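Here the structure of chain A is known, so what remains is to put chain B in place on it, guided by the hints.
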Amino acid sequence: MLIAMTSLTALADVPRPKPKPTETPKQANVIDGRLNIYIKKDATEARLVISQDLIKPLRAQLDEMDNDNDAAGSLTKGDSGIFGRVQTIVSGAFLSLAIVFGGVWFFRSKRAADTRVKTVVMMIAVAGVASTATYVFANAGPPTTIRSITGKIFSEPVRNYGYAFGKIKIETAKDGGVTLIVPDVQDAPKSEE
Amino acid sequence: MCRTLPRAKSNALQEIRHLRPELTSAHYLVAAFVSACALAAVLIGSAPLAASIATIFLFAGVHNFMEFRYFVARMPVRWGRSRLYYSVGIGGVIVLAVCYLTLYFASGKWMWSADSWAALTAAWDTAFVLWVGMLFYLRGRQRPRSDWSWAFAVVFLIAALAWAAPQYWSLSLVYLHPFVAMWFLERQIRRTKPEWLRAYHACLATIPVILIAIWFALARTPDLPSDTNLFWRITQHAGSEILPGVSSRLLVTTHVFLESIHYFVWILLIPLVDRRAIPWRLSEIPLFANAKGAPKLLVASIVVSLLIVAVLWGGFALDYTTTRDLYFAFAIGHVLAEFPFLVKML
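Residue numbers (this note's numbering), protein chains in the order written: chain A, 1 to 193; chain B, 1 to 346.
Hint data in this document are derived by calculation from the structure and do not stem from the laboratory. Treat the hints with caution; some may be incorrect.
As the list claims (entries may be wrong) - Which residues of chain B face chain A? A few of them, derived with a C-beta cut under 7 Å, are:
| id | residue |
| --- | --- |
| 1 | S149 |
| 2 | A159 |
| 3 | W215 |
| 4 | P244 |
Said to hold, decoys possible - Some chain B residues flagged as far from chain A (calculated, every beta-carbon gap over 10 Å):
| id | residue |
| --- | --- |
| 5 | A47 |
| 6 | R220 |
| 7 | R275 |
All of these numbers come straight from a predicted model, not from anything done at the bench. In this text, a Cβ means the ideal position worked out from N, Cα and C, and glycines have one as well.
Okay, chain A solo, but in the shape it has when bound (with noise of 0.2 Å):
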């Protein structure tokens, strides 16, 4: 096993891919991001703050630029958000696999056998899960309109909503400044329920 893993840290004999001439147009550095708008009486004008998060790997991005390195940054080399989907399945089969050993157990143990406890437990059960699902609105999701940044997204809806928010794609570039591009859609996207 120290062996296998040695050779893991090692990257035992393969070899590293030899690096290709890059083509114009030069791969972007993207960075998944999400942006959340709101529309406020109090505000004068648009702003995009960057949280701190996003500025690292955005500084980094930098530092390559500044030695000429056009290539795709490290930072987001394979990251495909895979993980954020299994991020969420192993994660709930986890919580599932606490629900069912701790069930399990307590109505296994001595303290189960004594009815008043076992309702007061299965009460608590039931109002944690309840007041979870409330807080976290179960699925019901807000107004398709504002759950994508379109060019929907200052249409009388949202603004009524008083916000939106939706998935972005984070670049840099040498110049230009920040910049927000929305994609011009007619109709509202269909529904994801």
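For chain B alone, kept in the frame of chain A given last:
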């Protein structure tokens, strides 16, 4: 009647004698512990980066040696009916430590994408919590009329949280590790110095108070400088990237404060309550004193451990930043080794 009067007077005097406040070693423990913690909080809060550098330089290696020495003293010559427990415990320490180091040193390699690295790290976290759960379960089986299978429900819940928020899970390990030392001390006091137990609980109760005082004092202070690699590593280790809205001065102070208590516990307090943990008292260690023990191997391992402490000091003196990174990578071994011995004491 005349005979009862002197007896009553004597009883009253005895009662007065009992009521007179008497300073015991437990009172001294509370006074010393609280004073030391308060002083440490002030000093660390006024210079967190310097305190972090100094405490790690001075105590990191020494506390690892003391921990190793303590575990050696607790290791039985024959595992007997605990064979399975110790096999899972020590086997888990070796496997998990090797996997951790592999992940650590391979993380920057070109073959590893961010996804694969995150997935493997989460898998390691899962293996770690399942291993701890297994230790609890095996320990529960050794105790008569007890069912510790609840441990599985708890570790599955923790695994779910570790997958849902891996960064917070990693940070929580950094902050929870110092408390393991305090838990060890509590178990040890129960065994060898029970007259200190209430006093020690009082000491533990003061820690949240001091932490709240630190947070009140430093909540609005500006971040610490992170312009050098070392400073950035210290602030990042304390969670400044994961909690960007919290002052890094507060985070580093909290972390160094807890780490200092944990060093203090291992180096001073545990040998104070357990004579077998005093480094030079080898005659009371089963592995040394027992006819079936391995005294030469034990002495050799202690000498090697002392040499590692000296090498660590030399490394810190030559290149503090690199040695610090290497130290914290290999320190996972002692973090893992604590669990089998702690769970065994429950």
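We went through each hint and held it up to the structure:
no.	hint	result
1	S149	holds (5 Å)
2	A159	holds (4 Å)
3	W215	violated (21 Å)
4	P244	holds (4 Å)
5	A47	holds (25 Å)
6	R220	holds (18 Å)
7	R275	holds (37 Å)
The structure is inconsistent with hint 3 alone, although it conforms to all the rest.
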